[in-house]
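The chain contents come next:
Number of protein chains: 4
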Amino acid sequence: MWKTTIRPAFSDLDAFVHVNNCRLPVWFELGREPFFELFTPDLDENIVNMPLIVARITVDYLAQMVFGHDVTVQTYVKKIGRTSITVHQEAYQRGKLSAKGECVMVHFDYDAEKAAPIPPDIAEKMRKHLIDPDNPNLKPRSGRFPAAG
Amino acid sequence: MWKTTIRPAFSDLDAFVHVNNCRLPVWFELGREPFFELFTPDLDENIVNMPLIVARITVDYLAQMVFGHDVTVQTYVKKIGRTSITVHQEAYQRGKLSAKGECVMVHFDYDAEKAAPIPPDIAEKMRKHLIDPDNPNLKPRSGRFPAAG
Amino acid sequence: MWKTTIRPAFSDLDAFVHVNNCRLPVWFELGREPFFELFTPDLDENIVNMPLIVARITVDYLAQMVFGHDVTVQTYVKKIGRTSITVHQEAYQRGKLSAKGECVMVHFDYDAEKAAPIPPDIAEKMRKHLIDPDNPNLKPRSGRFPAAG
Amino acid sequence: MWKTTIRPAFSDLDAFVHVNNCRLPVWFELGREPFFELFTPDLDENIVNMPLIVARITVDYLAQMVFGHDVTVQTYVKKIGRTSITVHQEAYQRGKLSAKGECVMVHFDYDAEKAAPIPPDIAEKMRKHLIDPDNPNLKPRSGRFPAAG
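Sequence order for the protein chains is L, S, P and G.
Sequence positions in the first sequence follow my numbering and run -13 to 135.
Sequence positions in the second sequence follow my numbering and run -13 to 135.
Sequence positions in the third sequence follow my numbering and run -13 to 135.
Sequence positions in the fourth sequence follow my numbering and run -13 to 135.
Looking at chain L on its own, in the form it has when it is part of the complex (with noise of 0.2 Å):
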């Protein structure tokens, strides 16, 4: 598992004066920041031959979050597939669980344009990562929906 931490912005808030829900998948992006390092050494120079894409996102919102506290990004890695690596993310303010995630990342290869295996190496480096499956925030939400603004 990966920490990142982060400050909200006051330009993040919205009118309802939480975290605007469209925050969170730039928040989780910065918390899969370690699989671009696994992909790409020397990121500074060679961002742009980083070989991820995002295929698809999920977010659950499940509770507010507020102006002057800082907020933690725990990055898991749910699911290591052949070309693509599942990606499971939870945020917590004040210790509260307040939004959780799904990402599904390709490994591409730009020159063949099409999807690229993972390189043994790179997967082995993931595995220490693997998210318990019975951390109880990979079951899908409970019916009852909280406040996200």
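If you're looking for bench data, these hints aren't it; they were derived computationally from the structure.
These numbers come from a predicted model, not from an experiment.
Just so you know, not all the hints are guaranteed correct.
Repeated chains share a single entry, so a pair holds when one copy, or any two copies, can fit it.
Unchecked claim - Okay, derived cross-link-like pairs now, SDA-like style, lysine to any residue, Cα gap no bigger than 20 Å in a straight line:
{"hint": "1", "residue 1": "K125", "residue 2": "E88"}
{"hint": "2", "residue 1": "K100", "residue 2": "R68"}
{"hint": "3", "residue 1": "K(-11)", "residue 2": "G81"}
{"hint": "4", "residue 1": "K65", "residue 2": "P126"}
{"hint": "5", "residue 1": "K100", "residue 2": "Q50"}
{"hint": "6", "residue 1": "K100", "residue 2": "V3"}
Starting from the known structure of chain L, fit chains S, P and G onto it as the hints suggest.
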């Protein structure tokens, strides 16, 4: 179905020279503005009272989007629940379906702090925008993942 | 003068229920797209070769902007230098001047890594968009500061 | 002087593979959070009552900023007026001054709808953060324009 036209900004691009994946939730939120108007007349004065909160979003990235061409977002009602609405959205650029997504919005009673039934007259108006159940984009995508920046 | 119309998004608002001040630089950048086109035809393919870089921006916030009403950005050429262009921009909502700004863009030669002279034919085209020197918005604002979120 | 550390996100980059110029106003706003706290204790509850509004911003772009390295924003008080505060800010990456800016904030009385005097006790606290008048970054930049994406 509602249509919204969006002009990609230079700052919407990322290092892959395509629209960054995190912009789609913003554009789909722009496409859901007609729901805000159904629930809250005079949005400019009353936006803080708008009673819809976002419980869940999903975005599937199907093709790269580029600078210099308008994007059209089409927004459909997929399901009207007792207290929630499921929305289906499609983003087209140069005639090509480039992203699709779902959003669950909950009708929320801020005083009672819980979900509230959707008023029948608003449900009636939304029914005119129900998606054709044969719309092929309702199906989950196939296993082949196309590119998304 | 060029005109660009922008629909404020819900996520453009901040906790003061007005458009967040940080959105104006994005909207003014949208308004400068005609300059990109003057220097780089076929922007969708060639945007990475667009040779204008931003050296300086200034924004004066004159009135609050709200949700639910389009914003019109008017973009003028203020000054054409040897290697730089100074742009004057105005944002109107409901007919009221709500923000104004300047931007200095430099014509840059990426190979030589230095500023490059503006081609005479492009300068000629830009001259058609020179601001009237009597435009009252060119003056520095008075000491009274109006509101900006 | 206050310091704020920012991790550039992948979505902060633009097609030039550098941090987009429009992100700087957001980062400088993050750097001004200590002012919010001076005027409004318990920001998480009371952010809507925070009485500072932005009247003007200026940003000078001095060097490209890249992915993969933290950015440090240094925030100084330049001038304390009767009702306004002028702030000077500097953004460093890898030890290099990459952008600098000014912001005029006005202390606003929302009920009276006009600017209000800055309370002496808050002015006193701010005075500890006054910029050294010999700080070389206070000078207007020279005529040579460096690159900014």
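Hint by hint, here is what the structure shows:
Taking CA atoms no more than 20 Å apart as the test, K125 paired with E88 passes in both settings, with 12 Å inside one copy and 19 Å between copies. Taking the closest pair of Cα atoms, K100 and R68 come within 20 Å of each other only inside a single copy of the chain (13 Å); across copies the shortest separation is 43 Å, beyond that limit. Only within a single protomer do K(-11) and G81 lie at most 20 Å apart by alpha-carbon distance; the minimum there is 14 Å, versus 25 Å between protomers. Taking the shortest alpha-carbon separations for K65 and P126, both the intra-copy value of 16 Å and the inter-copy value of 19 Å come in at or below 20 Å.
Taking CA atoms no more than 20 Å apart as the test, K100 paired with Q50 passes between copies only; the shortest distance there is 13 Å, against 39 Å inside one copy. Only between protomers do K100 and V3 lie at most 20 Å apart by alpha-carbon distance; the minimum there is 18 Å, versus 43 Å within a single protomer.
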